[in-house]
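Q: Chains as they are written, first to last, in the numbering used here: chain C, 1 to 69; chain H, 1 to 69; chain A, 1 to 69; chain F, 1 to 69; chain G, 1 to 69; chain L, 1 to 69; chain Y, 1 to 288.
Treat the hints as calculated values from the structure; they're not laboratory data.
Where is the CB? At the ideal position from N, CA and C, for every residue including glycine.
Among these hints, one or two may not hold up.
Cross-link-like lysine to any residue pairs, in silico, SDA-like; alpha carbons within 20 Å at most [to be verified]:
{"id": "1", "chain 1": "H", "residue 1": "K56", "chain 2": "G", "residue 2": "K56"}
{"id": "2", "chain 1": "H", "residue 1": "K15", "chain 2": "C", "residue 2": "K39"}
{"id": "3", "chain 1": "A", "residue 1": "K15", "chain 2": "F", "residue 2": "V31"}
{"id": "4", "chain 1": "Y", "residue 1": "K235", "chain 2": "F", "residue 2": "V53"}
{"id": "5", "chain 1": "H", "residue 1": "K56", "chain 2": "G", "residue 2": "E55"}
{"id": "6", "chain 1": "L", "residue 1": "K39", "chain 2": "H", "residue 2": "D51"}
{"id": "7", "chain 1": "C", "residue 1": "K39", "chain 2": "Y", "residue 2": "K17"}
{"id": "8", "chain 1": "Y", "residue 1": "K235", "chain 2": "A", "residue 2": "L45"}
{"id": "9", "chain 1": "Y", "residue 1": "K119", "chain 2": "Y", "residue 2": "E166"}
{"id": "10", "chain 1": "H", "residue 1": "K39", "chain 2": "L", "residue 2": "E52"}
{"id": "11", "chain 1": "Y", "residue 1": "K157", "chain 2": "Y", "residue 2": "I198"}
{"id": "12", "chain 1": "A", "residue 1": "K56", "chain 2": "L", "residue 2": "E52"}
{"id": "13", "chain 1": "F", "residue 1": "K15", "chain 2": "Y", "residue 2": "Q236"}
{"id": "14", "chain 1": "C", "residue 1": "K15", "chain 2": "H", "residue 2": "D34"}
{"id": "15", "chain 1": "H", "residue 1": "K39", "chain 2": "L", "residue 2": "E32"}
{"id": "16", "chain 1": "L", "residue 1": "K39", "chain 2": "H", "residue 2": "K15"}
{"id": "17", "chain 1": "Y", "residue 1": "K261", "chain 2": "L", "residue 2": "E35"}
{"id": "18", "chain 1": "Y", "residue 1": "K163", "chain 2": "Y", "residue 2": "P132"}
{"id": "19", "chain 1": "H", "residue 1": "K56", "chain 2": "C", "residue 2": "M1"}
{"id": "20", "chain 1": "F", "residue 1": "K56", "chain 2": "Y", "residue 2": "N214"}
{"id": "21", "chain 1": "G", "residue 1": "K15", "chain 2": "L", "residue 2": "G30"}
{"id": "22", "chain 1": "Y", "residue 1": "K40", "chain 2": "Y", "residue 2": "S54"}
{"id": "23", "chain 1": "G", "residue 1": "K39", "chain 2": "A", "residue 2": "A13"}
{"id": "24", "chain 1": "Y", "residue 1": "K261", "chain 2": "G", "residue 2": "E55"}
{"id": "25", "chain 1": "Y", "residue 1": "K235", "chain 2": "A", "residue 2": "V33"}
{"id": "26", "chain 1": "Y", "residue 1": "K261", "chain 2": "H", "residue 2": "D51"}
{"id": "27", "chain 1": "G", "residue 1": "K23", "chain 2": "L", "residue 2": "A13"}
{"id": "28", "chain 1": "F", "residue 1": "K56", "chain 2": "Y", "residue 2": "Q217"}
{"id": "29", "chain 1": "Y", "residue 1": "K152", "chain 2": "Y", "residue 2": "E166"}
Each pair of labels, with its calculated beta carbon distance range [what the hints assert, rightly or not]:
{"id": "30", "chain 1": "A", "residue 1": "E52", "chain 2": "Y", "residue 2": "G85", "range": "33 to 39 Å"}
{"id": "31", "chain 1": "F", "residue 1": "E46", "chain 2": "C", "residue 2": "D51", "range": "20 to 26 Å"}
{"id": "32", "chain 1": "Y", "residue 1": "I198", "chain 2": "G", "residue 2": "G30", "range": "57 to 63 Å"}
{"id": "33", "chain 1": "Y", "residue 1": "G85", "chain 2": "A", "residue 2": "E55", "range": "26 to 32 Å"}
{"id": "34", "chain 1": "A", "residue 1": "E52", "chain 2": "Y", "residue 2": "E92", "range": "40 to 46 Å"}
{"id": "35", "chain 1": "F", "residue 1": "E46", "chain 2": "Y", "residue 2": "E182", "range": "39 to 45 Å"}
{"id": "36", "chain 1": "Y", "residue 1": "G197", "chain 2": "L", "residue 2": "G14", "range": "51 to 57 Å"}
{"id": "37", "chain 1": "Y", "residue 1": "T201", "chain 2": "G", "residue 2": "E46", "range": "51 to 57 Å"}
{"id": "38", "chain 1": "Y", "residue 1": "E92", "chain 2": "A", "residue 2": "E55", "range": "36 to 42 Å"}
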Amino acid sequence: MEYVYAALLLHAAGKEITEENIKAVLQAAGVEVDEARVKALVAALEGVNIDEVIEKAAMPVAVAAAPAA
Amino acid sequence: MEYVYAALLLHAAGKEITEENIKAVLQAAGVEVDEARVKALVAALEGVNIDEVIEKAAMPVAVAAAPAA
Amino acid sequence: MEYVYAALLLHAAGKEITEENIKAVLQAAGVEVDEARVKALVAALEGVNIDEVIEKAAMPVAVAAAPAA
Amino acid sequence: MEYVYAALLLHAAGKEITEENIKAVLQAAGVEVDEARVKALVAALEGVNIDEVIEKAAMPVAVAAAPAA
Amino acid sequence: MEYVYAALLLHAAGKEITEENIKAVLQAAGVEVDEARVKALVAALEGVNIDEVIEKAAMPVAVAAAPAA
Amino acid sequence: MEYVYAALLLHAAGKEITEENIKAVLQAAGVEVDEARVKALVAALEGVNIDEVIEKAAMPVAVAAAPAA
Amino acid sequence: MAHVAEWKKKEVEELAKLIKSYPVIALVDVADVPAYPLSKMRESLRGKAVLRVSRNTLIELAIKKAAQELNNPDLEKLVGYIQGGAGILVTEMNPFKLYKFLEESKKPAPAKPGVPAPKDIVVPAGPTPLSPGPLVGEMQALGIPARIEKGKVSIQKDTVVLKAGEIITPQLANILNQLGIEPLEVGLKLLAAYEDGIVYTPEVLAIDEEQYINMLQQAYMHAFNLSVNTAYPTKQTIEAIIQKAFLGAKNVAVEAGYITKETAGDILGKAFRVALLIAQELPEELLD
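Produce the complete structure using the sequences and hints provided.
A: So, in structure tokens, the structure goes:
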């Protein structure tokens, strides 16, 4: 999950999610970086709307509320 | 939230969550670090069993996702 | 809740919610009036748009909290 | 709604919901009382368990809370 | 709501919720204190187990999620 | 949570959430103030729309309430 | 009243006296009520109301007499509502209560040919105690899906055999009676009720209790919302007020990512859930 956290950290800090940035963050955390995974991550995240996902993460409540009625 | 992600990244990487480590990670992400927030975060996480908390958090997503489908 | 009902009754009747009016209504209902509560009510309702407030759902729910618990 | 508020006020005050009592409360609030409405209200509420009805109004939340116990 | 926050602050700080203490906190916040509201709040809180009430507030939805599965 | 209550007390009272104000409120409540936590809180609240977030807390119930009507 | 028989005079006298001694005077139609249910009804009225059945003309005279003696011309308006086999019902119950009471006292009664259905008549699905016979054919002719099952007549599904207001035919009455379905209602039909200068008709008196219950709930929610939203504490709302304040504070702290004992779980949990949801979007080889 480190790679994902690194990406989310960059996102939350308003920085771009680039291979370089992710590598820097991971290395600062003492992680031995796998270049291929970084590449794959950046590529995969290109099509993901992170803000939307964050919204969804807060959602379960709304979902849970409905059936309770 | 970037401070929290930094802490979780360290945790996932098996590193200790110290003020120093968090600062290093945040700086690597290009964040201008607020020492007080780092201090407060590290103090607040003391005594928190992150693995436990995370495990609990993981469940509802699966559950909540199901009926939504 | 008597005091709140008295205020709502006055409001619905288009009368002003004053200490005096609330007292009169409560006394007519046979309630032994507690001046402090009347005063507190009038103070709490000052500047409040009652029509809006009575329709606004009051019961809170933990937003992100729930699934994590 | 004045008439219903008056009834609930009497109920909350532990008084009986009679035509006389409702009229007294409404008049104290400066309402010009419509006898037929008072009569209809008293008749409609006869045999109604107000506490139960009210509890149901508050339920949605209570329901959500219940399974937590 | 400031009166309630003052009470909760005192509670969280392990202090007694008295009229005097609430007044002191509110005044420190620059609030012009309404004595009647303080009185009413302290009276209403008598016999209320705040910790229990708060715990209840935190719980519901999590469990409500379960039956949704 | 004392620190958060202090901040919300200020907010509800229409006062600015500054380190100074939070400190004053906490001290009035007899809390031994940790400067770092105050600083961190003020920093963390920057950019948070408190009214909106509080409002969100009340929302899900409206959803749950509807089908019960 | 020149040629009026002595017993009639006495009857009018008594009726007028009765009318004068109660605040609520109602006219009811007892024409369709058989003797036995009527006596049952008198029993259920005992202590609540007095019922006197008489001739319509005598009732009219009695009302006029009472109105005159009470110097109350409003009371005389009641005369215009006399019809059918009228009876006088006097009571202390207010007219709305009286109407409600009479409605609740109505009993189901067997179908009668030539009478309109008071509401939709339904033949319910399920087995019946009837043995096979010509009735099955009659049922089917009326659109009732009847079949023989295990030697008895069985109805295949709920069937509306008559809409409200339609007239019951002799064939249908026979079938309903055989099935033990009682679609009619027998009871005192209120024609009008007088109190305090006002004559109330059934249309006015038929109150929708459901609506009142909704209003009660609405009024309570208004009071609840007002109390909680303005932080005016009452016994019933103090808990909700505390919870609202707590959750508000907690949600603000969670949103701000400010970790406390109370918010650590939520904040870390939320961050983790975000990571988890993101991970779900990633190709498998990226996952640990």
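Q: Could you check the structure against the hints above and give me the numbers of any it violates, in ascending order?
A: Going through the list in order, the structure violates hints 2, 6, 7, 10, 11, 16, 18, 23, 29, 30, 31, 33 and 35 and respects the others.
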